[in-house]
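Residue numbers (the working numbering), protein chains in the order written: chain A, 1 to 116; chain B, 1 to 117.
Hint data in this document are derived by calculation from the structure and do not stem from the laboratory.
Bear in mind that the values here come from a model prediction, so they are computed numbers and not experimental data.
Ideal placement from N, C-alpha and C gives every residue a C-beta, glycine not left out.
Certain hints may be false.
What the hints assert, rightly or not - According to the in silico footprint, chain B covers these stretches of chain A (three or more CB under 8 Å from chain B):
| hint | segment |
| --- | --- |
| 1 | 75–83 |
| 2 | 104–115 |
Unchecked claim - Rough simulated footprint, nothing fancy, chain A against chain B, three-plus residues with beta-carbon under 8 Å:
| hint | segment |
| --- | --- |
| 3 | 40–46 |
| 4 | 106–115 |
Unchecked claim - Think about it this way: if two alpha-carbon atoms lie no more than 30 Å apart in a straight line, the pair counts; the simulated BS3-like pairs of lysine-lysine are:
| hint | chain 1 | residue 1 | chain 2 | residue 2 |
| --- | --- | --- | --- | --- |
| 5 | A | Lys51 | B | Lys18 |
| 6 | B | Lys57 | A | Lys51 |
| 7 | B | Lys53 | B | Lys3 |
| 8 | A | Lys108 | B | Lys57 |
| 9 | A | Lys108 | A | Lys51 |
| 10 | A | Lys51 | A | Lys70 |
| 11 | B | Lys18 | B | Lys57 |
| 12 | A | Lys70 | B | Lys53 |
| 13 | B | Lys71 | B | Lys18 |
| 14 | B | Lys55 | B | Lys71 |
| 15 | B | Lys70 | B | Lys3 |
| 16 | B | Lys71 | B | Lys53 |
| 17 | A | Lys70 | B | Lys18 |
| 18 | B | Lys55 | B | Lys3 |
| 19 | B | Lys13 | B | Lys70 |
| 20 | B | Lys13 | B | Lys71 |
| 21 | B | Lys18 | B | Lys70 |
| 22 | B | Lys57 | B | Lys71 |
| 23 | B | Lys55 | A | Lys51 |
| 24 | B | Lys3 | B | Lys57 |
| 25 | B | Lys55 | A | Lys70 |
| 26 | B | Lys18 | B | Lys55 |
| 27 | B | Lys71 | A | Lys70 |
| 28 | A | Lys70 | A | Lys108 |
| 29 | B | Lys71 | B | Lys3 |
| 30 | B | Lys70 | B | Lys53 |
| 31 | A | Lys51 | B | Lys3 |
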Amino acid sequence: GQQLNQSPQSMFIQEGEDVSMNCTSSSIFNTWLWYKQDPGEGPVLLIALYKAGELTSNGRLTAQFGITRKDSFLNISASIPSDVGIYFCAGLRGFYSGGGADGLTFGKGTHLIIQP
Amino acid sequence: DVKVTQSSRYLVKRTGEKVFLECVQDMDHENMFWYRQDPGLGLRLIYFSYDVKMKEKGDIPEGYSVSREKKERFSLILESASTNQTSMYLCASSFSLAGDENTDTQYFGPGTRLTVL
């Protein structure tokens, strides 16, 4: 299947710092999604991006859909302890790409650890 | 709010047993999905369904089957559980805007952690 390269793999930051993570792909995606997953729970949707170049905010979170459709980034400003968790990017080509199954393609995740 | 529920949070089964994992969504979504999540491998798509009684194989369908008899319910079946099917199983659902297949945001359930002994 398709691969998304997500970086960094983990981040150790101080409370109050800004955080930046990104995903890149060799393939085009029509939708980019960012999820956060807490231990033992399912991923929770943070931001959805549907158009190339789109910049969307959700509170302290900002995400952008790259112009080439092959990348996306997520920024978290002024991190707080509850931001700890694993963040996943996911891309969706859509059901009608003609290539068979088309669920989400996930990055491997960025593990965010915040030191008080 | 979108609500996706899974029948069990934790499940322990023995090798060779038949296992049913149930998923229910209450938002009248057309599309439903089953993923498994493993350390170092991320989330991988097993099967999905875009309508009642319809199913499509994902990236790793071997050893699994699915059933979608009602729109709100999507079941994952392990016909004969094996130890390599020990994993976290995640169900998701999404709707499709008519004529705009690019807006299929997926919402996830809390997951079922299955251990096969």
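Quick check: which numbered hints come out false for this structure?
1, 5, 12, 17 and 27
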